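J.: These are the residues of each chain, in order.
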Amino acid sequence: MTVSAAPAGGTNSTSPGTADVLYQLSGVRRFFGKKGEVVRALDDVDLSIGEGEFLAVQGPTGSGKSTLLLLLGGLDRPTEGHLSFRGRDLGGLREHELAPLRAKEFGFVFQTFHLIPTLSAQESVEAALAPFGLHAAEYVRRSAAALDELGLGGRGRHLPAELSGGEQQRVAIARALVKNPTVLLADEPSGNLDENTRDEIIGLLEGLWRERGLTLVVVTHDSSVARRAERIAVIRDGRVSAKRSAQA
Amino acid sequence: MSPFFATYLRRQLSRRLREAVFVALGLALGVGLVVAVSAASAGVAKAETGVLSGLYGVGTDMTVSGPPPLTAQAQAAAKCRRSTARVCSIAPGVQCTRQGPDLLCGSGAAIGSAKTPTGSAKKSAGDGEILFPPLNRTVSASTVASVARLHYVAVATGVLTLVYQWPRGTYSVDGVSTGRTSVGPLSAARVLSGRYFTAADSDADVALVDSAYAAVNNVKVGSTVTIRRVRFTVIGVVLQPQGTSPPDVYVPLARAQALGSPDKHDVGNLANQVNLIYVAAARAADIPAVQSEISGLLPGDTVTDAGSLASEVTGSLSAVNTLANDLGRWVSALALIAAFALACLLMMGAVAHRLEEFGTLKALGWRTRQIVGQVLGESLVIGIVGAAVGVGLGFAGAAIIAAIAPTVSGTLVNSSGVSSAIGSMQQVIHNGGDAPVTWGAVTVPLSPSVSIGVIVLAVILAMAGGLLAGLFGSWRAARLRPADALRRVE
Numbered sequence: 001m002t003v004s005a006a007p008a009g010g011t012n013s014t015s016p017g018t019a020d021v022l023y024q025l026s027g028v029r030r031f032f033g034k035k036g037e038v039v040r041a042l043d044d045v046d047l048s049i050g051e052g053e054f055l056a057v058q059g060p061t062g063s064g065k066s067t068l069l070l071l072l073g074g075l076d077r078p079t080e081g082h083l084s085f086r087g088r089d090l091g092g093l094r095e096h097e098l099a100p101l102r103a104k105e106f107g108f109v110f111q112t113f114h115l116i117p118t119l120s121a122q123e124s125v126e127a128a129l130a131p132f133g134l135h136a137a138e139y140v141r142r143s144a145a146a147l148d149e150l151g152l153g154g155r156g157r158h159l160p161a162e163l164s165g166g167e168q169q170r171v172a173i174a175r176a177l178v179k180n181p182t183v184l185l186a187d188e189p190s191g192n193l194d195e196n197t198r199d200e201i202i203g204l205l206e207g208l209w210r211e212r213g214l215t216l217v218v219v220t221h222d223s224s225v226a227r228r229a230e231r232i233a234v235i236r237d238g239r240v241s242a243k244r245s246a247q248a
Numbered sequence: 001m002s003p004f005f006a007t008y009l010r011r012q013l014s015r016r017l018r019e020a021v022f023v024a025l026g027l028a029l030g031v032g033l034v035v036a037v038s039a040a041s042a043g044v045a046k047a048e049t050g051v052l053s054g055l056y057g058v059g060t061d062m063t064v065s066g067p068p069p070l071t072a073q074a075q076a077a078a079k080c081r082r083s084t085a086r087v088c089s090i091a092p093g094v095q096c097t098r099q100g101p102d103l104l105c106g107s108g109a110a111i112g113s114a115k116t117p118t119g120s121a122k123k124s125a126g127d128g129e130i131l132f133p134p135l136n137r138t139v140s141a142s143t144v145a146s147v148a149r150l151h152y153v154a155v156a157t158g159v160l161t162l163v164y165q166w167p168r169g170t171y172s173v174d175g176v177s178t179g180r181t182s183v184g185p186l187s188a189a190r191v192l193s194g195r196y197f198t199a200a201d202s203d204a205d206v207a208l209v210d211s212a213y214a215a216v217n218n219v220k221v222g223s224t225v226t227i228r229r230v231r232f233t234v235i236g237v238v239l240q241p242q243g244t245s246p247p248d249v250y251v252p253l254a255r256a257q258a259l260g261s262p263d264k265h266d267v268g269n270l271a272n273q274v275n276l277i278y279v280a281a282a283r284a285a286d287i288p289a290v291q292s293e294i295s296g297l298l299p300g301d302t303v304t305d306a307g308s309l310a311s312e313v314t315g316s317l318s319a320v321n322t323l324a325n326d327l328g329r330w331v332s333a334l335a336l337i338a339a340f341a342l343a344c345l346l347m348m349g350a351v352a353h354r355l356e357e358f359g360t361l362k363a364l365g366w367r368t369r370q371i372v373g374q375v376l377g378e379s380l381v382i383g384i385v386g387a388a389v390g391v392g393l394g395f396a397g398a399a400i401i402a403a404i405a406p407t408v409s410g411t412l413v414n415s416s417g418v419s420s421a422i423g424s425m426q427q428v429i430h431n432g433g434d435a436p437v438t439w440g441a442v443t444v445p446l447s448p449s450v451s452i453g454v455i456v457l458a459v460i461l462a463m464a465g466g467l468l469a470g471l472f473g474s475w476r477a478a479r480l481r482p483a484d485a486l487r488r489v490e
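Listed in order, the protein sequences are those of chains Z and V. For what it's worth, my numbering labels the leading residue of the first sequence as 1, then goes sequentially. For what it's worth, my numbering labels the leading residue of the second sequence as 1, then goes sequentially.
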């Protein structure tokens, strides 16, 4: 089964249009052993994601969406099948080869934010720059700029516990974007937020995608969020069961 | 190292202060105990050294003495004790009377007790007096010269130790060389008043008295001390190091030897005789060689070094020594292991709470070694804090030990012969030579001391403990698969 990009507001397609293919998944399976049973989180997934594409991965809870996102981010490996990023076999890379990829190419936004509770907003953003070995002043300058861009210029010294859910997610987005990644992988980014904040965050992500031209993959169970994507991949029981364009 | 390392470290320690304090305190307790026990051990060693150096004299490596009580008089005293007769003679003119557990000996009608002299001051000089002969076999001064000429010997000096008893009391007398030597009973003494012997005093009736004896008997420079009707003029009062049992009176060796003569039936001829030789080796490493040389020269004599003398110290000094060196080390080792284990457990617990955090850091592109380094850095700082607090606790513990155990006593069971002229004599008089011979009890101040070496050791131990705890903690973080950590909360 192949899911491919469709142009915004366009029709079904088997390839990511004119864009270069960034990800290529062929027969990807991810199984887990649990109490003697095999859980098929992903089962025979074929998927292409184009560079600069905005893809929504939609499905019910437990369908394998987050597992797919972890595979795309190099945080997990397929049990079987082939997963490539810019032609490199992500599943075959070793940990010390994956770490630089995660540092430079992938930005993550999680449903539960995953902000480090002891670090302030600015320090949380700086944490994403730690693998680059920058000068101290550069840390401050870039993290402050990222927070400013997300409208959190005055909240840099606040701890996560002192921020609202929406603000925490903005900090997480700033942390993901401060290193100018190629791909932004968002796992239910609005799952813990109220409706207004959800729209605000999704609008923010969409705006960043348009402005920066980065590839955006958003995992969601919310159709209103998925509809804003260029293309939607629907996952059910570990299988990509349908594909449709965003405005279909 | 990334500048963010310090920021992250600071935030972790300051905002997870309680966890950090628990780990640091665990390490500090273990380290504090090690420091306190080491300090107590050092204090005991110092006290023991004080006793031994006092018995030897500073600079002395060993002493040489003849076999303990073998004289005819001692054997006679033992026989006298076992007999059923109330009165018996142990030497011509010396009679002993059994009174309860004591054997009261003296010449003629006047009999004094070695334990509690009861002689009357009204008795004429000579009545009731007795100069006990040295119970170690004496050797001639030429033997001392032979010892001094041995290859590995730096210096040797002979001493004649005697006990003089008369109706007014009993005191011990050492006949010593009048030249200032680096070994011998006076080598560590300090002259409090008057002067030391000079070469010109070798045949003079002059004496030095110990400060304790002088204080009790109100003896000053210029006073006289009478030994066998010879009036010795006191020329100086000397102070021996604390914790020693010095003789009461020092007289020139030649004058001590002159106290005996062929016509003195109690001691016999002591001319040119000594019964104890103090020896210093050329180098510490030569001590075994010196022992071997002396054993060859004087077969049958006893060579006593610090090690063998220390093994003969009993009493609370020995008990404290055992406590500090054996039990204390075990306790501190166990405490240290427990502290390390506690620190490791606490650190692993702390890390377990941070798995999500480490998963996030991996998602941000942190390498495993960066995360491990971060955890180790935190552990190291905790270890340093633990060391500082532990050293403080150790000092406090040492102060408490010093406060609650200011003195300990040490008793030398003298089978080897050092200073046995006094101890053996008293024992023979009281027990007839059947019981082990003791060289009195001495009180030794216990002053625990914390050395720089111990502080360095404590810092190293605490830092090692912190790093060990960090390694255990970070080992788990290093093995963590980021997806597993993130799935825990997603």
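Derived from the structure by calculation, the hints contain no laboratory data. Treat the numbers as computed from the prediction; the structure is a model and nothing was measured. Fair warning: there could be bad hints in the mix.
Pair by pair, the computed Cβ-Cβ distance ranges are [to be verified]:
(1) V:Leu9 / Z:Asp44: 23 to 29 Å
(2) V:His353 / Z:Val38: 29 to 35 Å
(3) V:Ala388 / Z:Arg210: 55 to 61 Å
(4) V:Ile337 / Z:Glu51: 55 to 61 Å
(5) V:Leu471 / Z:Arg88: 29 to 35 Å
(6) Z:Asp89 / V:Arg481: 54 to 60 Å
(7) Z:Ser164 / V:Asp484: 50 to 56 Å
(8) V:Ala388 / Z:Val38: 49 to 55 Å
(9) Z:Glu211 / V:Ala388: 32 to 38 Å
(10) Z:Pro60 / V:Val21: 45 to 51 Å
Some chain V residues flagged as far from chain Z (calculated, every beta-carbon gap over 12 Å) [said to hold, decoys possible]:
(11) Arg15
(12) Ser187
(13) Tyr213
(14) Asn218
(15) Lys220
(16) Gly222
(17) Gly296
(18) Ala333
(19) Leu364
Ideal placement from N, C-alpha and C gives every residue a C-beta, glycine not left out.
J.: All hints are to be evaluated individually against the structure, with a verdict given for each.
T.: Now for the hints, and whether the structure bears them out:
| no. | hint | in the structure |
| --- | --- | --- |
| 1 | V:Leu9 / Z:Asp44: 23 to 29 Å | 46 Å, violated |
| 2 | V:His353 / Z:Val38: 29 to 35 Å | 31 Å, holds |
| 3 | V:Ala388 / Z:Arg210: 55 to 61 Å | 56 Å, holds |
| 4 | V:Ile337 / Z:Glu51: 55 to 61 Å | 58 Å, holds |
| 5 | V:Leu471 / Z:Arg88: 29 to 35 Å | 33 Å, holds |
| 6 | Z:Asp89 / V:Arg481: 54 to 60 Å | 18 Å, violated |
| 7 | Z:Ser164 / V:Asp484: 50 to 56 Å | 29 Å, violated |
| 8 | V:Ala388 / Z:Val38: 49 to 55 Å | 54 Å, holds |
| 9 | Z:Glu211 / V:Ala388: 32 to 38 Å | 53 Å, violated |
| 10 | Z:Pro60 / V:Val21: 45 to 51 Å | 46 Å, holds |
| 11 | Arg15 | 4 Å, violated |
| 12 | Ser187 | 65 Å, holds |
| 13 | Tyr213 | 72 Å, holds |
| 14 | Asn218 | 76 Å, holds |
| 15 | Lys220 | 76 Å, holds |
| 16 | Gly222 | 81 Å, holds |
| 17 | Gly296 | 71 Å, holds |
| 18 | Ala333 | 36 Å, holds |
| 19 | Leu364 | 5 Å, violated |
Taken one by one, the earlier hints fail for this structure at numbers 1, 6, 7, 9, 11 and 19, listed in ascending order.
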